[in-house]
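Please put together the full structure from these sequences, using the hints given.
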Amino acid sequence: MAVKIKIPTPLQRLTKGQEEVTSEPGTLIEIINSLDKQYPGLGERISESGKIRRFVNIYINEEDMRFLSAENTQVKDGDEVSIVPAIAGGF
Amino acid sequence: MSKKKKFIRGLKCRECGREYSIDPVYVCEFCFGPLEVVYNYDEIGKVLTKETILSRPRNLWRYKELLPLEKEPEGAYFTGYTPLMKADNLAEILGVKELYIKDDTVTHPTLSFKDRVVAVALAKAKEFGFETVSCASTGNLAHSVSAQGARAGFERFIFIPASLEHSKIVASLVYEPNLIAVDGNYDEVNRLCSEVANKYRWAFVNINIRPFYAEGSKTQGYEIVEQLGWRAPDNVVVPCASGSLMTKIWKSFREMKEIGLIDQVNTKVFAAQATGCSPIVTAIKRGIDVIKPVKPDTIAKSLAIGNPADGFYATQVIEETKGFGEDVSDREIVNAIKLLARTEGVFAETAGGVTLASTIKLINGGHIKKDSLTVMCITGNGLKTQEALVGHTVEPHYIKPNLAAFEEVLKKIKQDT
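Chains as they are written, first to last, in the working numbering: chain A, 1 to 91; chain B, 1001 to 1417.
Be aware that one or more of the hints could be misleading.
Distance condition first, Cα-Cα at most 30 Å in a straight line; then the derived DSS-like pairs of lysine-lysine [unchecked claim]: (1) B/Lys1285 to A/Lys51; (2) B/Lys1338 to A/Lys76; (3) A/Lys76 to B/Lys1199; (4) B/Lys1292 to A/Lys51; (5) A/Lys6 to B/Lys1199; (6) B/Lys1257 to B/Lys1369; (7) A/Lys4 to B/Lys1199; (8) B/Lys1012 to A/Lys51; (9) B/Lys1338 to B/Lys1361; (10) A/Lys16 to B/Lys1012; (11) B/Lys1412 to B/Lys1338; (12) B/Lys1295 to A/Lys51; (13) B/Lys1322 to B/Lys1361; (14) B/Lys1295 to A/Lys6; (15) B/Lys1295 to A/Lys4; (16) B/Lys1199 to A/Lys51; (17) A/Lys6 to B/Lys1251; (18) A/Lys16 to B/Lys1199; (19) B/Lys1006 to B/Lys1050; (20) B/Lys1199 to A/Lys37; (21) A/Lys76 to B/Lys1292; (22) B/Lys1012 to A/Lys6; (23) A/Lys4 to B/Lys1292; (24) A/Lys76 to A/Lys6.
Read the hints as simulated data drawn from the structure, not as lab findings.
Here's what the structure looks like:
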């Protein structure tokens, strides 16, 4: 078991076309930093100075990380992380 | 280069400034910032004069140089150009000098301002060669894409939260789109759509067509300025869900100054939200630009976006214009819907109640000066959200079909008033 991370289309170029990658458990920001080692450039796209970028939404098992502990949320074996660009709607 | 093309320079990331060509893309590949259409205002200013605008038919295409199309809109609706009503009855009650209603309850063809953005989005989707259009919607957008997409011959996939009011669902179904009712709130529907949009090559009006779609909102602002006799109002109160409409109305005023249609813009922009979903107003009141998402709980479902994509920019507009924001309870929303109907004969949907109730608070709080000119953006028709008023309206007078019965009730009515 590991953590599954779903990669949105704009970032799949960095993951060699993979829609889903895996990582060891840890805090969200640790996972992103470790992904950056496997897929150089990925971390910079999603985060800046240890913070998730304003227009990136990250969901852990369907819950917005901002309702959890944001960058410090503990992600366990078997959890699923989705990275979704912010999109508009409504007024 | 087509004549039209010289008016549009391309797309640009609002965060990092990277530039992109005109394509159905919506986020910066580098930083995920939203992309925005960039125009060549010098060229537009040479062509788009007051005389030119006034010589054109009264619909939103009279400002077409400021819209992101490279060709003439093909098969599009001639929507827009809704009334700007002077609301003297309401102004008297609220104790303000000049109050106007920008009445998008009568937008063609589906009675909300979404007809503006969808007209632009579908014309652009045609230009790009898409055959299927799609959207995530709280109701109004679903109606507009369903209707306008039907006429334009698109296959339509419409995603809505299953909890929407029944009347709002019927008002989409009548146009026979593929209506996908998702067991989740709008933010969850939106998230699903972003995954669908990654996989299928469809024109999602609020995803990959978003930079173009959102520009359609500007037409409400252009019309306000034109209908006020070529001047920007002192105050404009705008309902906020994602924050997009408010940022675009502000952009429209600045553009009209930029191309020389008006000399000055001193407008204060105000945000209106329901207390049960007020992430933007919460940030405004705290004086911060960090938007904390919320889980919406309000009768104003068309504004129930807990994770507003343009929330950050909305806070910037408030700061730049020295405006403010207010949020109102469901009770205040219902009372405001009734007040607007009773005083001005305009039946607004719940979002309109949010706008008026917030305006009242802004006036009472001294944020809107009583001797200034205020425009309220009323964005959708009350016939769409009648459920919100059940149990809150006056009762009919039930009588037998004879004159005596009528006169008996008439006597009672006269006594009561």
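Against the structure, the hints come out as follows:
Our distance criterion of 30 Å between C-alpha atoms is met by B/Lys1285 and A/Lys51, whose separation comes to about 24 Å. Restraint check for B/Lys1338 and A/Lys76: not satisfied, since their Cα atoms lie roughly 51 Å apart, outside the 30 Å limit. A threshold of 30 Å between alpha carbons decides the hint, and for A/Lys76 with B/Lys1199 the separation of about 28 Å falls inside it, so the pair holds. Restraint check: the Cα-Cα separation between B/Lys1292 and A/Lys51 comes to about 14 Å, which is no more than 30 Å; the hinted pair holds.
With a CA separation close to 13 Å, the supplied pair A/Lys6 and B/Lys1199 stays within the 30 Å bound. For the given pair, B/Lys1257 sits about 24 Å from B/Lys1369 by alpha-carbon distance, which is consistent with the 30 Å threshold. For the suggested pair A/Lys4 and B/Lys1199, the alpha carbons sit about 19 Å apart, so the restraint of at most 30 Å is met. Between B/Lys1012 and A/Lys51 the alpha-carbon distance is near 23 Å, which keeps this suggested pair within the 30 Å criterion.
For the hint linking B/Lys1338 to B/Lys1361, the alpha-carbon distance of about 16 Å falls within 30 Å, and the restraint holds. Proximity of A/Lys16 to B/Lys1012 is assessed by CA-CA distance (about 26 Å); at most 30 Å being required, the pair is judged to hold. A hinted pair counts as satisfied when its Cα atoms are at most 30 Å apart, and B/Lys1412 with B/Lys1338 qualifies at roughly 23 Å. Our distance criterion of 30 Å between C-alpha atoms is met by B/Lys1295 and A/Lys51, whose separation comes to about 22 Å.
Only pairs whose Cα atoms come within 30 Å are accepted, and B/Lys1322 paired with B/Lys1361 is accepted, the gap being roughly 16 Å. A threshold of 30 Å between alpha carbons decides the hint, and for B/Lys1295 with A/Lys6 the separation of about 23 Å falls inside it, so the pair holds. Distance restraint check for B/Lys1295 and A/Lys4: the Cα-Cα separation of roughly 25 Å lies within the 30 Å cut-off, and the hinted pair is therefore satisfied. Note on B/Lys1199 and A/Lys51: the hinted pairing holds, with a Cα-Cα distance of about 28 Å set against a maximum of 30 Å.
For the suggested pair A/Lys6 and B/Lys1251, the alpha carbons sit about 35 Å apart, so the restraint of at most 30 Å is broken. As the CA atoms of A/Lys16 and B/Lys1199 are separated by approximately 17 Å, the hinted pair is consistent with the 30 Å bound. Taking the CA atoms of B/Lys1006 and B/Lys1050, the gap is about 20 Å. The hint holds against a cut of 30 Å. In summary, the hint linking B/Lys1199 to A/Lys37 is supported, as the alpha carbons are separated by about 27 Å, within the 30 Å threshold.
Restraint check for A/Lys76 and B/Lys1292: satisfied, since their Cα atoms lie roughly 24 Å apart, inside the 30 Å limit. With a CA separation close to 27 Å, the supplied pair B/Lys1012 and A/Lys6 stays within the 30 Å bound. Distance restraint check for A/Lys4 and B/Lys1292: the Cα-Cα separation of roughly 26 Å lies within the 30 Å cut-off, and the hinted pair is therefore satisfied. Between A/Lys76 and A/Lys6 the CA atoms are separated by roughly 15 Å; this keeps the pair inside 30 Å, and the hint holds.
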